[in-house]
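S.K.: Residues per chain, in single letters:
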Amino acid sequence: MSAAGGTPLLLAYAAVASTFLSGAISLFAVRRHPGFLHFGSFLFLFLSGAASIVAGGWTLLGKHTLTGRFALGLPWLDWHLRIDPLSGFFLVLLGTLVVAISLYGPSYTREFARGPAAQPLPPLGVFTALFVLGMQVMLLADDALVFMIFWEMMSLSGYFLVVYQHQHAANRHAAFLYLLLAHVGALVILLSFGVLAAFGGGLTFDQMRAAELTPLWATIAFACAFLGFGTKAGMVPLHVWLPDAHPVAPSHISALMSGAMIKMGIYGIVRVSYDLIGDVRWEWGVVVLVIGTASSLLGVLYALMQHDLKRLLAYHSIENIGIILMGLGLSMIFLGSGHKMLGTLGLIAALYHTLNHALFKGLLFLGAGAVLYRTHAHDLDHMGGLIHRMPLTAFLFLVGCVAISALPPFNGFVSEWLTFQTALQAPVLKNGLLRTTLPIAAALLALTGALAAACFVKAFGIAFLGKPRTRRAARAREVPAGMLVGMALLAALCLLLGVFPTTMIQAMAPITQLLVHEALPSAAAQGWLWLTPISPQVASYSAPFVVAAIVVVFGLGYLFLKRGAAAPRRAYAWDCGFGQLNSRMQYTSSAFSQPIRRVFGGVWKVDEQIDTLASAGPIPRVTSLHYSLHTHDWSWLRCYVPIGRVVLAAANRIGFIQTGNIHTYLKFSFVTLLVFLWIVS
Amino acid sequence: MTLLEVTLLVPLLGGLLLAVVGHRPVAGWINVAVGVVTFGAALVMALEVFARGPQLSGGRMFYIDAFNVYLVVLTAFVGLTTSIFSRPYMRHEVERGRVTDRRLRLYHSMYQCFLFSMLLALSTNNLGVLWVAMELATLTTVLLVSLYRTPEAIEAAWKYFILCGVGIAQALFGTVLIYFAAENKLGADRDDTLLWTVLHGSAGANLDPAVITLAFVFLLVGYGTKVGLVPLHNWLPDAHSEGPTPMSAVLSGLLLNVALYALVRVKMLVDASLHTNLAGHLMMGFGLLSFTVAGLFLHRQHDVKRMFSYSSIEHMGLITFGFGMGGALATFGALLHMTVHSLTKSAIFITVGHACQLAGTQRIDQIRGLIRTQPAIGWGLLIGTVAIAGFPPFGVFISEFLLLMATMKSWPWLTIPLLVGFGVAFAGLFRHMQRMVFGEPPPKQKPVEANMLPVVVHLLLVLLLGLAIPGFLSRWFEQATVLISGASPL
Amino acid sequence: MDSELTAWALAAAQALLFIAAAPLLAGWVQRVKCHAQNRAAPAVWQPYRNLAKLLRKKMLLAENASWLFRAVPYIVFGAMLLAAAVVPLIAVNLPSAAIADMIVLVAFFALARFFTALAGLDIGTAFGGMGASREMMVSALAEPAMLMAVFTLSMTASTTNLSVATGYVLQSGLVLRPSFLFALLALTMVAVAETSRVPVDNPATHLELTMLHEAMILEYGGRHLALIEWASQIKLMIYSVLIVDFFFPWGIATGFSAAALAVGALAVAAKLMLLAVILVVWETVLAKMRLFRVPQFLGFAFMLSLLAMLTHVVLETGG
Amino acid sequence: MGVANLGLYNQAIILFAALALFTSFIMLAQGRMMPLIFTFAWQGLLLAVVSVLVAIVSKHPELYVSAALTFTLKVVLIPWLLYRLSVQLNMQYDAEAIEHPTLLLLGGVALVIFSYFVAQSIVHLSGLATRNTIAVSIAIELLGMLLMCVRKSAVAQVIGFMSMESGIFFAAVVSTYGMPLVVELGVAFDILVAAILFGVFFFHLRDSFGSLNVGQFNRLSEANQPMPLRDAAGEHSSGGPHPPGEPS
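First to last, the sequence lines map onto chains A, B, C and D. The opening residue of the first sequence carries number 1 in our numbering; numbering runs sequentially from there. The opening residue of the second sequence carries number 682 in our numbering; numbering runs sequentially from there. The opening residue of the third sequence carries number 1172 in our numbering; numbering runs sequentially from there. The opening residue of the fourth sequence carries number 1491 in our numbering; numbering runs sequentially from there.
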């Protein structure tokens, strides 16, 4: 590696080192001086985040590909590290979130230092650091061993973070499920690497790139990788761990998990299928597209039924992973059938959405954390009216909602728009089936988008608007500045990436250059103002204009309508003559989603209980009425419960070996002996 | 007197000494001291061997090569750390009145004799003496298993005694057959014909296949019983769960290794003379069976020590599978796995011992909230389990990684049962683990005096092995791998 | 450069004309409707009078209305303004069309709807929530149908740019495309749902059980209400213009000569008047359907647009 | 070669081997305690005699040692030990009912055939005229194991164990003129210790179980033990649908 070019890698090392320091500080100092967590651990976390942003950005813009080695690991296999545009891109993503949470964390973790949810702080700091460390080094990994070590380290420290508040059985269950699926997934990934290594004759990624696979084995390798990484990414039907695990972790960790960790699954899929295996086949693309579509649709439908804010957000992660996968699938289809440019477009759309989702999902989880911090409520129906008490948080959360609902001018829209554009190029394909399925997938994507909008109207509306539903919500205060800064950073980025997509896409060119040796020259052909992915004739979008127009309307409104007009008078809303409106007359979250529940009947397993308490007397009149609604996940009931049953049944049957009767045991060994003697002679 | 003699004699004399003074408070310290001396001698000897290669000593009675020298060191080391742990542990048991002075004396002296017998088994050059030492190991531990004299303990000890006795008898028959085969190839000076160096030398190549095959079957069933391969494993959970915890630690940490060592030695002979892969296939089948069955058994356990003994069976199965598969990568992985497993597992048993004293029971459903009551124990148990479940950055992961890779290379479809096995075993371990470690502790649960030093040391070593294998160690492994599989992974 | 400038000027002018003409269309529909239901009809200018009245009115806000509630009308109006700016009314090839394509257009509607629904929830009355929830449900079903229909056109014209697509249809002359037939039907049904007309919604009613759109904006008054009303009139106009542009583009100006523009203006005016009459007939003969019949209605629309797409792929490109 | 044209000594060897095999059968069928012990002693005696004979035939003086070892252990020490114990535990008169004795004996016969079949593949190595006695030794060993498998009484099991040992010894003698001395001594030592330990255990067993009937030992059985409780399974992935993950 060239002397000047070496710096990004060194920066990355620096990032890793400071993450490590942050962990070490919490391990040794925090028990005695909790202050160190806030001003030592998180400080170094901040540095590490910044360093990895710089390192990643430098590599990305400088189109570097640098490698390094450490004499660790196996005697015949050093640790190979390498930073290239792809890993650089993901390092930037990770770093951004890390910076955000390191600003947000110090105030947020005070909650755990005392009060009802008091927990020992050192584990939190240590495992947060290990979690980030795992992801950073995993991104730098250039051989299967290092990759797997740090991949598992990420999963494992994630487990400790999920189970951090281990008093609740629900948390333990969630953590267990999470770790189980993560472990199995990791083993499947291992198999995929095993195939590549067997053909490439070595565990380093270079050897794997060189491997000449037969189509069958290539498909097997891809399938293993897709399954394994998909488990981490949370694609349907391997997603069941996600909505359990993400909500129960501390919120800044949930932000990291939903924002960064599941993206590592995407990274893995891209790395293995585009980089290591190399020649992508369109059949894979179809599978990825179908699974992606299913994930996005089911994800959002399940999200609609949730009334736990963080759980709702978790299901939206599944939805967005689905959208990313759709982009990848389209790109694979086009690449596999020889349309490089469109393949590149799909890849860009997918990666762009990965970054966007990291930003707004991080923002939303931090916002949910802020609400939790003040109201200690997970349930939407215990919030309400917060926009009056915590206006800034409300505003930032709203930004997140608009962005994730794919509404212009924010970033979520751009990437979905790119995905649409890719899908609409279906006519260039020879295969008639694909030509029809791609637009249908696009239409389902539209459905997803609309449902997501509905879901976030519900989330924001029920949580922040209307009247406070509980006393705690009524007494909430704005959160400390640190948390606001953390969220504001992400919100600003959401807007920026939404308004200047052209610049961003230009910056992402090296990635596609690296993976498919193609870029999108046309994207910026008309200058930064116009985004024209394919050609100005085919499609164009100009976010700056949108912002300008809305600003103009506000300006005009101010000039002509507001100025000079008398200050508005406040009055009570019309109460139909029933006396004062109170907070219980508002729509609840489940009421809001009830129409949609009726429309898409069979998607959920709904159990709905209404228990009324009637007073005794000649004419019993209902004194109290309690309505509860739980929606269960079919894939859980249909796939996982049976598997668990089978295992337990097997474990139950197997007991017969251990009868406790010595004669049986003797007979076992006697028979074994005789059988073997008989075999050999 | 040579280092080897020191390594062998010190434990023996220590055992005799402790047979006299074993009940005194100082006995615990003597135990530790003996351990220290043994370990020191073993280490220096290992370095010598490492410098000068294999060496014969004691009139060709003893043979030390790369394969067994690191096992000798491992045995001495785990023996030492366990003795460190057993001092406070046994004191606590005495206070609880579960152990009288006589039994304490018995315990201490038998502990050292047991170590002696294992070291003898490892270092001898004579297959016959190897057998004698193995039998001796059984005899010395039988009384340890029944130390508490509860009906369960007695029953467990009886089963252990009978089953291992029978198994070992088969092994003797196998040895006789090998001798038979060797004797009529090189009829001259009869006392040499059982010497490993002679058999494995040029002479070994042309032993009669039929006899050797027969012999291997007997030896496999015999030593396999001690390794704890399903379906010969039944003694193992009982013995582990009923005996005192230090004994469980050395049983699963060391004895199983030694038995497996014997098995592998024999396999080397058989491969040399047979030129088919019969032995390997038998071992693979056995290993895979044990691996899967033990994984299922993990789910149905109520007793924490019993659970971990099943996990030992599982890992022994995996190692046997690895050795059976042969090939440089697999063998290297298996050797590494032997090491990390015995380190981790003994650490776990040490922690479990303290945990049981803490909770006053071995029943899983009555152990709660360790991490709250005594974080050291809670975290120790948690991290130990994480390590044994094969999570990086611990060494177990590396060896499992290598084994999986090797399997993928030579038997791709066998990776699927392995995968399922790992998943099932993991679930079995953690579903119990979480309930013991996490949650709210029962009202009046007090911390106990615990010496976590051994645990920390073991786990740090395992961690080190996971991150980087030191040069000399890796060269040992490599030499051993070359010795066993005839090829080098490097 | 100079032509560039004139083009932009024209674009601006067209956008202004668009929003200026929107209430007129509404008024026309109203008037024709009254005639059809033989009631005394208000003047065509009535909507202007209403808007003026509302704009003059003094503001009255619910006591717990937040800043969001007051921001929403401007956002909604802005979104509609943008949408109006990109739809070719009297001339194609205007530069403003490049700001946004069909998909973005749909997204503008979604943006407006999103914030309207939030405003509905802000006050915390039961009606607001009800309206918001129902509106989101309906739109969730309408959007894919609409996009599907739009995709059919864009796949035919191999562009999603409105103006380019219109130009394509225009210069390819009269081609009988089955896909366009289905797409037209689907788009019309979606338009009816989206502009909250009978049978999906009834803009005239304030009966709680039937309200969708009205329920959300129930708490608005004064200039806010004016902006929102105006925005929904623009929306109606946009949909009508889209339909006539895509399926009957003839007469729309391709060059910027005064004559061409005049012709274009006249043509579109005529077409819109005709369309309004059809709409009125439709609204008069149909009755409003139950809320949970709406999904079938929109499902049928989606089916039609799917059919359009398939016929396009199967019959028209012979793939 | 048939028996007829062997030397007298070899014929004697074969004869005694056959008798030893017969004694194992007797042990298999013998339900009462004392005769069992005596039969075992007889078997030891026969084996000792055989090793002496082999020593004479093959001029291997060191076989006398192993003969002596066999005699002292199998004929004197162990039977005496067992006798003393069963007197002390006053069980010298108790007998156990063997279920389906005929079936058992037939099984024994089958084992003999099997061991002959196994031995076939290896006997050709042995230079001895009496090579087929290897089959007998294997048979004795397997029969000993069979004895352990079917007998309920601890003493019977010990005897079975010991007769396995003697079978192996016998194999060593007839196939290879015995093992190297050090091994023989080691083995003998182990067996001695084992016998003593068995003695110790009889008392423990009696104290904690009240009888030596090992058939009743099933405190450590897992077969009829239920799976861990439901709430344990609640931690497991088959814990069924659980309420949405909000803590509390």
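Honestly, the hints are just simulated from the structure, not real lab data. One or more hints might be untrue.
[What the hints assert, rightly or not] In silico BS3-like links for lysine-lysine, alpha-carbon gap of 25 Å or less:
no.	chain 1	residue 1	chain 2	residue 2
1	C	K1229	A	K562
2	A	K340	A	K430
3	D	K1549	A	K667
4	C	K1459	A	K562
5	C	K1459	C	K1204
6	C	K1229	C	K1204
7	B	K866	D	K1642
8	A	K340	A	K63
[Stated by the list, open to error] What follows is a set of in silico ranges between Cβ atoms, one per label pair, in the way DEER data are often shown:
no.	chain 1	residue 1	chain 2	residue 2	range
9	C	M1474	A	Q537	29 to 37 Å
10	B	P1093	D	I1603	53 to 61 Å
11	C	L1187	A	P536	37 to 45 Å
12	A	H630	B	S1169	33 to 41 Å
13	D	V1683	B	G721	48 to 56 Å
14	D	T1592	B	D1046	16 to 24 Å
15	C	A1297	A	A118	55 to 63 Å
16	A	V641	C	T1488	41 to 49 Å
17	D	A1519	A	F656	43 to 51 Å
18	A	A223	B	A714	33 to 41 Å
[Said to hold, decoys possible] Stretch by stretch, here's where chain A covers chain B in the computed footprint (C-beta under 8 Å, at least three residues):
no.	region
19	707 to 718
20	944 to 955
Beta carbons: idealized from backbone N, C-alpha and C, even for Gly.
S.K.: Hint by hint, where does the structure go against what was stated? Just the numbers, ascending.
M.R.: Hints 3, 4, 6, 7, 10, 11, 12, 13, 14, 15, 17, 18, 19, 20 not satisfied by this model.
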